[in-house]
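J.: Residue-level listing of the chains:
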Amino acid sequence: MSPLDDFLLRAVLAGIGVALVAGPLGCFVVWRRMAYFGDATAHAALIGVTLALATELPVVAGVALAALAMALTVSLATGRTYAMDTMLGVAAHGALAAGLVALSLIPGVRVDLMGYLFGDILAVSRSDLLVIWAGGALILALLIWRWRGLLLATLNADLAAAAGIVAARERLLLTVALALLVAVALKVVGALLITAMLIVPAAAARAFAPTPEAMAVVAAGIGAAASAGGLAASFRLDSPAGPSIVVAAVVLLLLANGIAAVVGRGGGSGGAGRG
Amino acid sequence: MSAPLVSAKELGVTLGGHPVLRGVDIAVEAGEIVTIVGPNGSGKSTLLRLLIGAERASTGEVRRAPGLRIGYVPQRLAIDHTMPLTVARFLGLAGGGREEREHALQRVGIAGLGGRQMIDLSGGQLQRALLAHALLHRPQLLVLDEAAQGLDQPGVARFYRLIEELRAEMGCGVLMVSHDLHVVMSASDRVICLNGHVCCEGTPTVVSAAPEYRALFGFGTEGALALYRHEHDHAHAEGAPGHHHHPADAEA
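In order, the protein sequence lines correspond to chains R and S.
Using numbering that gives the first Met the number 0, the first residue of the first sequence is number 0, and each one after it goes up by one.
Using numbering that gives the first Met the number 0, the first residue of the second sequence is number 0, and each one after it goes up by one.
No lab work stands behind these hints, which were simulated from the structure alone.
Honestly, I wouldn't trust all of these hints.
Facing chain S, from chain R, some residues (calculated, C-beta under 7 angstroms) [what the hints assert, rightly or not]:
#1 R125
#2 G148
#3 L151
#4 D157
#5 A161
#6 I164
#7 P209
Now the stretches of chain R that chain S is said to cover, found in silico as 3 or more residues with beta-carbon under 8 angstroms [what the hints assert, rightly or not]:
#8 90-97
#9 210-217
Not close to chain R: a few residues of chain S, all C-beta gaps over 12 angstroms, as computed [to be verified]:
#10 E28
#11 P38
#12 L47
#13 P73
#14 P83
#15 P138
Note that the coordinates shown come from a computational prediction; the quantities given were computed from them, not determined experimentally.
Virtual Cβ for every residue (Gly too), placed ideally from N, Cα, C.
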C-alpha cells in the first residue's frame with residue numbers, strides 16, 4: 000500500500016504544493032497591489048468549469064483558459080473608462096455571477112458547487128496531485144527564471160527599461176502565472192479563496208523579511224504551515240478544509256504582526272506592520 | 000567623430016492625443032555632458048524615456064549604439080512599503096559582486112548603508128543609492144532625470160561635482176534633465192532648452208570668475224553651477240494653448 004492511498008496525506012501534499020507557489024507569486028500580488036486583479040482572475044474559474052464540462056476538456060485546462068482570458072481582458076481594459084477598482088469589481092463579481100448562471104444551464108450535470116467555490120481538498124486524487132505539483136513547479140520555474148526582471152519591473156518600469164527589460168512583458172508573465180495558479184489551486188481552496196492564499200501568507204511574511212527573496216521564501220513557509228495546520232484543525236473540528244486553511248493563514252498573519260510589534264524594528268527586519 | 004551613444008532624428012511623440020514632443024534632434028557622445036532644461040510639461044522626462052527605450056516614438060527614431068549600457072537614475076522611486084528591500088539587494092539587481100557594490104556605495108558617499116531599508120533612506124541618500132545602482136551597470140551612458148531635485152544649492156553643487164568626477168573616471172556620456180532653467184551644471188558641454196521642441200542649444204556661462212555671480216551662488220558651490228543664457232531665435236504665436244516659454248521668467 001502506497002502512502003498516497005491516504006486521502007489526508009494527499010490533501011496535505013496538495014495544500015503544501017499550492018502554498019509553496021502561492022507564497023512567492025502572492026508577494027508580487029501584494030507589491031503590485033493586484034489583489035482585486037487576483038479576485039477577477041480567480042472568479043473566472045467557474046466559467047472555466049462550465050466550459051470544460053460543455054466541451055469535455057479537462058477542468059484544469061478549461062479553468063486555466065477562462066482565467067487567462069479574464070486576466071488579459073482586464074489588464075487591457077483597465078483605466079479606459081472606469082477607475083481600476085470599479086473595473087476589477089465589475090469583472091470579479093460579473094465573472095462569478097456569470098459562472099454560477101452558466102453552470103446551472105448545463106443540462107444533466109450535477110456539479111459540486113461548494114467544491115468549486117471553497118475547494119475540495121479532501122477529495123484530491125493522485126492525478127490531481129500530479130497536476131498541482133507539475134503546474135506549481137512550472138509557475139515557480141517561470142518566477143525564478145524571470146525573477147530579476149520581475150522585481151525591476153515592479154520597482155520602476157523606466158529603471159527596468161534602461162536595463163533592457165520590457166515591463167509590459169514581465170506583467171504579462173505574472174498574468175499568465177496567476178491564471179495557471181488559479182487552475183492549479185481551484186481544487187484546494189476554491190475560486191473564492193484563492194486570492195487569500197496569495198495575499199495572506201505574503202502579507203504575514205512582510206513582517207520578518209529584509210529582502211524580496213526572503214519575503215517570498217517566508218511566505219511559502221507560512222502558506223505551507225497554514226495548509227498543514229488548517230487541515231489538522233479541519234480534521235479535528237470537522238470544519239470545511241479550504242476555509243480552515245485560510246483561517247490558519249490569517250491566524251499566522253496576526254501572530255506574525257503581534258510578534259513583530261513586540262520585538263520591534265530590530266536587526267534590519269524593516270518596517271514591520273508599517274502603514 | 001565617433002558614432003554617438005544615442006541619437007534621435009525628428010523625434011515626435013503624442014500621448015493621450017496631445018503632442019508632447021515634435022521634431023526633436025538630439026545626440027549624446029561618449030564623454031560628453033548634455034543638460035536638458037525646460038519648464039514643467041515641456042517633455043523632458045518623455046524625451047529621456049524615449050532615449051532609454053521606455054517609451055515608443057510616434058515619429059522619427061532613436062538609435063542606440065549596439066549593446067549600449069545605460070545607467071538610469073529616475074526622478075524618484077516609489078517603493079511600495081509592502082516590499083522589503085535593502086540598499087544592498089537593490090544594488091544587486093544591477094549586477095556586480097559584493098565588493099563592487101560596496102565600492103559603488105563608497106563612491107557615491109553612502110558607504111555603510113548597504114543594510115538599510117530603501118524606504119528608510121532620506122531623499123539625498125536615496126538619490127545616491129539610485130546613482131550607485133546606475134553605476135553598477137558600468138554605464139557608457141548615464142541618464143539622470145532631475146536627480147538633483149529636492150537638494151539645497153550646496154547639495155546640488157556636490158551632486159554635480161560627483162557626476163563630473165564619475166564622467167572623468169568612467170569616460171561615460173552624461174545626459175541629464177533639470178527643471179532649473181537658468182542654473183545648470185557648469186561642466187555641461189551642451190545645454191538644450193526643450194519646450195515640446197528644441198528651443199535653443201548652447202553652452203553654459205561659467206560664472207566662477209564673475210564676483211556678482213559668486214555672490215549669487217555663495218562660496219559653497221565652488222563653481223559647480225553655471226548660468227545658461229537662453230538665446231531663442233523664434234517666437235511662438237501668442238495664445239497658442241499650452242505653449243508658453245519659460246514660466247520661470249515670468250516669476251523672476
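J.: Next step is simple, just say for each hint if it's right about the structure.
T.: Hint by hint, here is what the structure shows:
{"no.": "1", "hint": "R125", "in the structure": "38 angstroms, violated"}
{"no.": "2", "hint": "G148", "in the structure": "10 angstroms, violated"}
{"no.": "3", "hint": "L151", "in the structure": "6 angstroms, holds"}
{"no.": "4", "hint": "D157", "in the structure": "5 angstroms, holds"}
{"no.": "5", "hint": "A161", "in the structure": "3 angstroms, holds"}
{"no.": "6", "hint": "I164", "in the structure": "10 angstroms, violated"}
{"no.": "7", "hint": "P209", "in the structure": "5 angstroms, holds"}
{"no.": "8", "hint": "90-97", "in the structure": "violated (count 0)"}
{"no.": "9", "hint": "210-217", "in the structure": "holds (count 5)"}
{"no.": "10", "hint": "E28", "in the structure": "19 angstroms, holds"}
{"no.": "11", "hint": "P38", "in the structure": "21 angstroms, holds"}
{"no.": "12", "hint": "L47", "in the structure": "8 angstroms, violated"}
{"no.": "13", "hint": "P73", "in the structure": "5 angstroms, violated"}
{"no.": "14", "hint": "P83", "in the structure": "5 angstroms, violated"}
{"no.": "15", "hint": "P138", "in the structure": "9 angstroms, violated"}
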